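Novice: Here is how the chains run, residue by residue.
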Amino acid sequence: MKNTSVENITAGSSSLLLHIVLLGLFVVGMDSQSIPKPIAQHEQVEIVQATMMDENNVLQEMVRQQEVEDKKRNEEQARQDKVDQRLEETQNELARKELEFQDQQERAKIEQQQRETKAKQEQEKIAKLEQARKQEEIKQEQAVAERKIAEEKRTKADQERKVAEQKQKQAEQDRKKQEDLKQKAEQELKAAEKKKQTAEADRKAEEDKKAAQARKVKAEADKKAEADKKAAAAKKAETDKKAEEARKVEAERKAQVAEADRLLQDSLASEQQEQESKRIAGVVDQYSLMIKQRINRNWLRPSISESGLQSTLRVTLLPGGDVKQVTVVKSSGNAIFDRSAESAVYRAAPWPQPSDPKAAAALRDFQFIFKPE
Amino acid sequence: MTKRLLIALGIIVSALSWQANAELVIEITGGSEAALPIALVPFGSEGSVSPVDLSEVIRNDLAGSGRFAPLPQQDLISQPHKQAEVNFADWRLLRSEGLVIGNVTSIDGQTYDVQFQLFDVYKGQQLVGKRYQVPASGLRRLAHQISDQIYHALTGEVGVFATRLAFVTVITNADGSKRFALQVSDADGANPRTVLQSKEPIMSPNWSPDGERLSYVSFENGKTEVFVQEMTSGRRSSVASFKGINSAPSWSPDGKKLALTLSKGGNPEIYVLNLASGDLARVTHNSQSIDTEAVWLPNSNSLLFTSDRGGRPQIYKVSSDGGNASRVTFEGNYNSSPDVSPDGRYLAMVHGVGGKYFIAVQDLASGAVQVLTETGRDESPSFAPNSSMILYATERNGKGVLAAVSVDGRIQQRLGEAGIDVREPAWSPIRK
Numbered sequence: 035m036k037n038t039s040v041e042n043i044t045a046g047s048s049s050l051l052l053h054i055v056l057l058g059l060f061v062v063g064m065d066s067q068s069i070p071k072p073i074a075q076h077e078q079v080e081i082v083q084a085t086m087m088d089e090n091n092v093l094q095e096m097v098r099q100q101e102v103e104d105k106k107r108n109e110e111q112a113r114q115d116k117v118d119q120r121l122e123e124t125q126n127e128l129a130r131k132e133l134e135f136q137d138q139q140e141r142a143k144i145e146q147q148q149r150e151t152k153a154k155q156e157q158e159k160i161a162k163l164e165q166a167r168k169q170e171e172i173k174q175e176q177a178v179a180e181r182k183i184a185e186e187k188r189t190k191a192d193q194e195r196k197v198a199e200q201k202q203k204q205a206e207q208d209r210k211k212q213e214d215l216k217q218k219a220e221q222e223l224k225a226a227e228k229k230k231q232t233a234e235a236d237r238k239a240e241e242d243k244k245a246a247q248a249r250k251v252k253a254e255a256d257k258k259a260e261a262d263k264k265a266a267a268a269k270k271a272e273t274d275k276k277a278e279e280a281r282k283v284e285a286e287r288k289a290q291v292a293e294a295d296r297l298l299q300d301s302l303a304s305e306q307q308e309q310e311s312k313r314i315a316g317v318v319d320q321y322s323l324m325i326k327q328r329i330n331r332n333w334l335r336p337s338i339s340e341s342g343l344q345s346t347l348r349v350t351l352l353p354g355g356d357v358k359q360v361t362v363v364k365s366s367g368n369a370i371f372d373r374s375a376e377s378a379v380y381r382a383a384p385w386p387q388p389s390d391p392k393a394a395a396a397l398r399d400f401q402f403i404f405k406p407e
Numbered sequence: 006m007t008k009r010l011l012i013a014l015g016i017i018v019s020a021l022s023w024q025a026n027a028e029l030v031i032e033i034t035g036g037s038e039a040a041l042p043i044a045l046v047p048f049g050s051e052g053s054v055s056p057v058d059l060s061e062v063i064r065n066d067l068a069g070s071g072r073f074a075p076l077p078q079q080d081l082i083s084q085p086h087k088q089a090e091v092n093f094a095d096w097r098l099l100r101s102e103g104l105v106i107g108n109v110t111s112i113d114g115q116t117y118d119v120q121f122q123l124f125d126v127y128k129g130q131q132l133v134g135k136r137y138q139v140p141a142s143g144l145r146r147l148a149h150q151i152s153d154q155i156y157h158a159l160t161g162e163v164g165v166f167a168t169r170l171a172f173v174t175v176i177t178n179a180d181g182s183k184r185f186a187l188q189v190s191d192a193d194g195a196n197p198r199t200v201l202q203s204k205e206p207i208m209s210p211n212w213s214p215d216g217e218r219l220s221y222v223s224f225e226n227g228k229t230e231v232f233v234q235e236m237t238s239g240r241r242s243s244v245a246s247f248k249g250i251n252s253a254p255s256w257s258p259d260g261k262k263l264a265l266t267l268s269k270g271g272n273p274e275i276y277v278l279n280l281a282s283g284d285l286a287r288v289t290h291n292s293q294s295i296d297t298e299a300v301w302l303p304n305s306n307s308l309l310f311t312s313d314r315g316g317r318p319q320i321y322k323v324s325s326d327g328g329n330a331s332r333v334t335f336e337g338n339y340n341s342s343p344d345v346s347p348d349g350r351y352l353a354m355v356h357g358v359g360g361k362y363f364i365a366v367q368d369l370a371s372g373a374v375q376v377l378t379e380t381g382r383d384e385s386p387s388f389a390p391n392s393s394m395i396l397y398a399t400e401r402n403g404k405g406v407l408a409a410v411s412v413d414g415r416i417q418q419r420l421g422e423a424g425i426d427v428r429e430p431a432w433s434p435i436r437k
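If you read the sequences in order, they're chains G and F. Our numbering puts the first residue of the first sequence at 35, with every later residue one more than the last. Our numbering puts the first residue of the second sequence at 6, with every later residue one more than the last.
Some clues are possibly wrong.
Calculated pairs, BS3-like style, for lysine-lysine (alpha carbon to alpha carbon, straight line, at most 27 Å) [as the list claims (entries may be wrong)]:
{"id": "1", "chain 1": "G", "residue 1": "Lys210", "chain 2": "G", "residue 2": "Lys252"}
{"id": "2", "chain 1": "G", "residue 1": "Lys182", "chain 2": "G", "residue 2": "Lys250"}
{"id": "3", "chain 1": "G", "residue 1": "Lys173", "chain 2": "G", "residue 2": "Lys282"}
{"id": "4", "chain 1": "G", "residue 1": "Lys263", "chain 2": "G", "residue 2": "Lys187"}
{"id": "5", "chain 1": "F", "residue 1": "Lys183", "chain 2": "F", "residue 2": "Lys128"}
{"id": "6", "chain 1": "G", "residue 1": "Lys257", "chain 2": "G", "residue 2": "Lys269"}
{"id": "7", "chain 1": "G", "residue 1": "Lys243", "chain 2": "G", "residue 2": "Lys203"}
{"id": "8", "chain 1": "G", "residue 1": "Lys106", "chain 2": "F", "residue 2": "Lys404"}
{"id": "9", "chain 1": "F", "residue 1": "Lys128", "chain 2": "G", "residue 2": "Lys405"}
{"id": "10", "chain 1": "G", "residue 1": "Lys190", "chain 2": "G", "residue 2": "Lys270"}
{"id": "11", "chain 1": "G", "residue 1": "Lys326", "chain 2": "F", "residue 2": "Lys262"}
{"id": "12", "chain 1": "G", "residue 1": "Lys203", "chain 2": "G", "residue 2": "Lys250"}
{"id": "13", "chain 1": "F", "residue 1": "Lys128", "chain 2": "G", "residue 2": "Lys358"}
{"id": "14", "chain 1": "G", "residue 1": "Lys364", "chain 2": "F", "residue 2": "Lys128"}
{"id": "15", "chain 1": "F", "residue 1": "Lys404", "chain 2": "F", "residue 2": "Lys183"}
Quick caveat, the hints were computed from the structure, so don't treat them as lab data. Owing to the predicted nature of the structure, the values given are computational and were not obtained by experimental measurement.
Working from the sequences, and respecting the hints, build out all of it.
Specialist: Encoded structure:
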């Protein structure tokens, strides 16, 4: 652009001499007809003298260059696409294998746990059975005791009944005897009028005495029966109370066992849930990385000299990996930069999605922070 | 048992919190600055056919910038010309960042009604939509302006497709004589127009900040002489024809002054010429060395220039009012032909290594230097007005050709190659 040539400068001050010589040559070489003609450059009157350049050739050459470059770019793009595709396939394959491996480990772990749990439950069961058997024994003992009491009661009742019967018999005999006596006395009354009244009185006194005695015996028997009954009831209440207490203790023990069981089950379930969470988190991590790489590949950042640009986007995905919504949560302040981030999110669609529905569900809502470095 | 219970509770609580906090946070760092895919649907046409294929010009502009990768025509799913005909889901499948549709209608065979729309394919939103009426002669420039709009909307940078390039061509005749021409073309190298012809060398074209004038050095009068020529009228005047060398003109940012290299005092030194008054002020005073190729720093009263005062050519900085110069380049033992990016961040220069010359940029703030080119015969770097690219001259098959490189070296472009020697390019400012 500048007329002091490169050679002049390299040669340092000696170039000045050369320059002057050159100037001399130009002076010699000049002829009077070389005075140039400036050409008016009206916008309307476009080209004045296109004597030097074949515009057609220029354009053809440009077109040819463009085609060669386009072809190159296309091939490069195709190659890049292939590489991308292969990369993605390899990643997918790796992810799938990793998942399989994890699944196997997971299964083995769970089986081992199930075996342990089963063994534990078996022991628990045996212990429970033993407990139940002991309980049964206690019950049987109690039953035997109760039976004995009941038998005793029955025997006693029988005896009492027999005594009562004998008494009744006695009373009957007594009554017969007295009737006989009465008849005899009436006969005697008939026979001896006079003696009758005194005999009657005697007899009556005798009779009263006997009746009182009978009444007395009966009252005593009744009283005894009542006392027996009372004693039996008290005994029964005692036994009932003891049984109730035993039942209570048993129920409490059972409740405790049940509670322990429930807690054990809960903790086992929690452990399983934790394992499941861990597994899902692993898959989510893996796919997050794949998504990150995919978006990174698709991010065509504008070449902006401004440094420290950073955009934060919120992205919601549709099942299947297509973008549902993109929102700029925090703008970089540069609309072009923000848009390049949004476009990267769209361009990366459809995003890789895990087949596991739980992991896929965890990969629906994202926040992306885009920054050049 | 209590302990176990607590553990179980803890697990439940943590599982719950994991459920509640289901939004995954992922950090995306890196990305790439690869070209943006864009779908350019050939514009619809009504009435007499446009003499310029606008969509083709736009396609070439965007592809040539290196920032866009237009989808191949055969990949275009459909050919909508109106928004109602656009099915965004289709275009999303093509992973294209933007979609451009348009229509050209001839009104009376002379004037054309052109409309275009740029859509964000993913959001299904219009980013730009414009309508113009232009004469047939304005169609190509309009296409470049549409490219600028698309470029700006999608990259955030100002587009420079509607700017111009100035350069010098050399034709060697059968008898060995040479013909020189100062030419101006579109930014894509197309549509070259000659603004000056001479049998003697023409050098160092430099655009005024308003893009209305060119200054240059011509040998037409048998010696170096600096001219200023108006682009529309073609009127020109000699502004420096002192004894000795008159070279390397550079417009000040306000367009009122020219920095020049003059050897009227015996040794090439930097001067500043006030164009209105004709006043000339000497800036450098170093009779032991050559000081040349001054350029102005944007929004500043300072100049960068090349000097061999340290033994080897390096770039120095000096106030345009004079005073002490300070050295700017330290990497390597040859740095010359400075140009400063309009945003003031970078210095472009010719960087010599072992007899080969490359275009390099130096970050003016950090001093870091990056070599951008590979051919080894590169010269005359000139920044694009959006500071993104550097135009330069290089050699291919023994002939001078124009090329451009992005400031980061990632995008390399070749411009107009027609077997003609091309050299000394200068990128115009953006037309207001």
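Novice: All hints, please: hold or fail.
Specialist: Hint check:
no.	hint	in the structure
1	Lys210(G) <-> Lys252(G)	18 Å, holds
2	Lys182(G) <-> Lys250(G)	33 Å, violated
3	Lys173(G) <-> Lys282(G)	13 Å, holds
4	Lys263(G) <-> Lys187(G)	9 Å, holds
5	Lys183(F) <-> Lys128(F)	58 Å, violated
6	Lys257(G) <-> Lys269(G)	18 Å, holds
7	Lys243(G) <-> Lys203(G)	19 Å, holds
8	Lys106(G) <-> Lys404(F)	26 Å, holds
9	Lys128(F) <-> Lys405(G)	21 Å, holds
10	Lys190(G) <-> Lys270(G)	15 Å, holds
11	Lys326(G) <-> Lys262(F)	55 Å, violated
12	Lys203(G) <-> Lys250(G)	16 Å, holds
13	Lys128(F) <-> Lys358(G)	12 Å, holds
14	Lys364(G) <-> Lys128(F)	18 Å, holds
15	Lys404(F) <-> Lys183(F)	14 Å, holds
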